[in-house]
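Protein sequences, first through last, are from chains A, B and C. So in this note's numbering, spot 68 of the first sequence is number 68, and the numbers just go up one at a time. So in this note's numbering, spot 156 of the second sequence is number 1156, and the numbers just go up one at a time. So in this note's numbering, spot 211 of the third sequence is number 2211, and the numbers just go up one at a time.
One or more hints might be untrue.
[Unchecked claim] Computed spacing ranges between beta-carbons, pair by pair:
no. : chain 1 : residue 1 : chain 2 : residue 2 : range
1   : A       : D184      : C       : G2173     : 34 to 40 Å
2   : C       : Q2109     : A       : D91       : 53 to 59 Å
3   : B       : E1036     : C       : H2030     : 25 to 31 Å
4   : C       : G2136     : B       : D1079     : 38 to 44 Å
[Claimed, not checked] Straight-line alpha carbon distances no greater than 20 Å define the calculated EDC-like cross-link-like pairs of lysine to aspartate or glutamate that follow:
no. : chain 1 : residue 1 : chain 2 : residue 2
5   : B       : K1071     : C       : D2161
6   : B       : K1093     : A       : D132
7   : C       : K2071     : C       : D2029
8   : A       : K39       : A       : D95
9   : B       : K1071     : B       : E1049
10  : B       : K1071     : B       : E1117
11  : A       : K39       : A       : D29
12  : A       : K83       : A       : D95
13  : A       : K83       : A       : D101
14  : A       : K234      : A       : D179
15  : B       : K1093     : B       : E1134
16  : C       : K2071     : C       : D2046
17  : C       : K2093     : C       : D2161
18  : A       : K83       : A       : E94
19  : B       : K1071     : A       : D127
20  : B       : K1093     : A       : E25
21  : C       : K2093     : B       : E1049
22  : C       : K2071     : B       : E1087
23  : B       : K1093     : A       : D118
24  : A       : K234      : A       : D184
25  : A       : K39       : A       : E111
26  : C       : K2071     : C       : E2018
27  : A       : K39       : A       : E52
28  : B       : K1093     : A       : D127
If you are wondering where the hints come from, they were derived from the structure by calculation, not from laboratory data. Even glycine gets a Cβ: it sits at the ideal position worked out from N, Cα and C.
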Amino acid sequence: MSDDWDSVDERRAAEELIVDVDGFEGPLDLLLALSRSQKVDLRRVSVLQLAEQYLGFVEDARALRIELAADYLVMAAWLAYLKSRLLLPPDPTEDGPSGEDLAAHLAWQLERLQAMRDAAARLMARDQMGRDFFARGQPETIAVTRRTELQANLLDLMRAYARLRTRDEFRPYAFDRSDIYALDAALARLSQLLPITLDWSDLSRFLPEGWGSAPTRRRSAIASTFAASLELAKQGRLDLRQSEAFAPLHLRGRGGG
Amino acid sequence: MDAVDPSGFAAPTFAAQERMVEAILFACDHPLSSTEIAARLPQGCDVPEVLVRLRQHYTGRGVELSRVGDKYALRTAPDLGWLMQAERVEQRKLSRAAIETLAIIAYHQPATRTEIEEIRGVAVSRGMLDQLLELGWVRLGRRRMTPGRPVTFVVTDAFLDHFGLESARDLPGLQELRAAGLLDSRPMPGLGGQNAPDTDEDDPVNGPESAPRGQSELFEE
Amino acid sequence: MDAVDPSGFAAPTFAAQERMVEAILFACDHPLSSTEIAARLPQGCDVPEVLVRLRQHYTGRGVELSRVGDKYALRTAPDLGWLMQAERVEQRKLSRAAIETLAIIAYHQPATRTEIEEIRGVAVSRGMLDQLLELGWVRLGRRRMTPGRPVTFVVTDAFLDHFGLESARDLPGLQELRAAGLLDSRPMPGLGGQNAPDTDEDDPVNGPESAPRGQSELFEE
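Model the full structure from these sequences, guided by the hints.
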């Protein structure tokens, strides 16, 4: 691809573009920058040439091992497709928009983006309050009556709601679900049973009644009972053993209760 | 000549009304609508007429009566800004992305987030709309009547006030942009359905056929 | 007629000087002495003379040039003070509890008190609902046809007006808040603070911790 560059200068310019890839706000912005090299009215820009420049850009970025964000690559794929539509004679059996239609749309998008940039610049170049013209510097408050006005803006309101709702979403526990066997319940039950557990016993024997069959309840009960056994082992109140990976866990109380 | 209050009391003379409106606008640092002004005046005042007179009186002075949407405020003449170094407030420097987003909302309003992203070709970055809302230059408009009923954004009176615009119609270059079709919403060929021009009554200037109506919808509110 | 600057440059005309002094006095937040005014003007201006002219211009208007010690300020005419009655307004931030309650009513209306309490996770004081009713942002809706026939609360037109909404349906949903970057969805499992029991103290939502991040996104220093 790099052979396509007409001169060293152009090639160098292209490499500068690549190195500055972080400076572009997305593929459309890059295309707009590339179109400037054509030095024509955006309405007369050659989309085919632009597509080739863009593909060359992506190619060069690869050669220089510069990682491009995914949307640059999506655009590259689309431009490659557009290029093929523009170069090949139209297939009468194929539906869909013509290459020219797609190219015209892209040119229009670029023109629109440029127009919005210009509009933004003209807007910011206007006289602005607090810089070029001013409001009354000493607003008067001669009032006798006192009125308290409570203030709140839309952002406050939306944030308050978001805070409430996300508080629910991120609530770290969910005891209100019916099929959850709580860790403290497991701890209480296990502590109670330990003094009479003098021999190694399978962990599953400690599950509470009614929690051994339904899969979701059983899973929760096993998890909590296991967590409780770890806690009690840490406290030195029981021993745990497992003969091999995935084998049943056994536990027994440690002395005298 | 002066209006007469139906209750039988004569309304104040125009000269007296002008004094009162002048005092009210002068005392206040934010724009007031003629309804708000009328609410403070005795019955029978003709606020619109008084505002016309007041505007004439201040024409060419160091302070001018400026119109902001359907509100009015006294502001110093823009050409004298250089005298007010001491009053100058530090302007928050907006990023290029934020300025572009603001312009897109102003020229395309009401604009959805997707439309902003389509025009800029990148995702709207986190916190940007947030900041424009916080500055008070952008607010929520009506939801778009398209699938998903997306939220829309429009510019506010505070935006108009800040940039010395009487209405959104006075945005620089608006007519030319519209004439050039650059404010249309054109779907990508082949994706017709997805971005089909909005038939919702909310739709602004977008859509060539809706231009006259869009105009009144958008700007006369 | 107009003064001439000894340096040889012609000073501005008196009309131009009058505009300048008028703008300065309007925009300045404190009275200025004629020396201070002169310091802001181009060389060769005759401030005492301009002040005389300005005072004449404003004689009989709603605004007067008043002298405060050896300083000057533009003030509304004293006889019109009654017009400014409504001006003294104390602004207070709505409490966090109240704004949350308001948000719940806006998003879930009609909402009963029990529903509000369920979402907030704390009791809603009668006083707070009274406050919202008094503000005119909330009113009573129809009674719910459930046992006890509880009253419901809905938001008012004044609420929509204040928050710049066309309808409560235009409020963005959670997904949209997040997508638009309006929602700081920092997960908070570990953060006790967020789940701490609500005290109804004033806690402005835009706490200091939320500002810096948005700012860096938007503003280039």
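Here is how each hint holds up against the structure:
no.	hint	verdict
1	A/D184 x C/G2173: 34 to 40 Å	holds, 36 Å
2	C/Q2109 x A/D91: 53 to 59 Å	holds, 57 Å
3	B/E1036 x C/H2030: 25 to 31 Å	holds, 27 Å
4	C/G2136 x B/D1079: 38 to 44 Å	holds, 43 Å
5	B/K1071 x C/D2161	holds, 15 Å
6	B/K1093 x A/D132	holds, 16 Å
7	C/K2071 x C/D2029	holds, 13 Å
8	A/K39 x A/D95	violated, 34 Å
9	B/K1071 x B/E1049	holds, 14 Å
10	B/K1071 x B/E1117	violated, 32 Å
11	A/K39 x A/D29	holds, 16 Å
12	A/K83 x A/D95	holds, 17 Å
13	A/K83 x A/D101	holds, 12 Å
14	A/K234 x A/D179	violated, 27 Å
15	B/K1093 x B/E1134	holds, 14 Å
16	C/K2071 x C/D2046	holds, 16 Å
17	C/K2093 x C/D2161	holds, 18 Å
18	A/K83 x A/E94	holds, 16 Å
19	B/K1071 x A/D127	holds, 19 Å
20	B/K1093 x A/E25	holds, 18 Å
21	C/K2093 x B/E1049	violated, 38 Å
22	C/K2071 x B/E1087	holds, 18 Å
23	B/K1093 x A/D118	holds, 18 Å
24	A/K234 x A/D184	holds, 16 Å
25	A/K39 x A/E111	holds, 14 Å
26	C/K2071 x C/E2018	holds, 17 Å
27	A/K39 x A/E52	holds, 16 Å
28	B/K1093 x A/D127	holds, 15 Å
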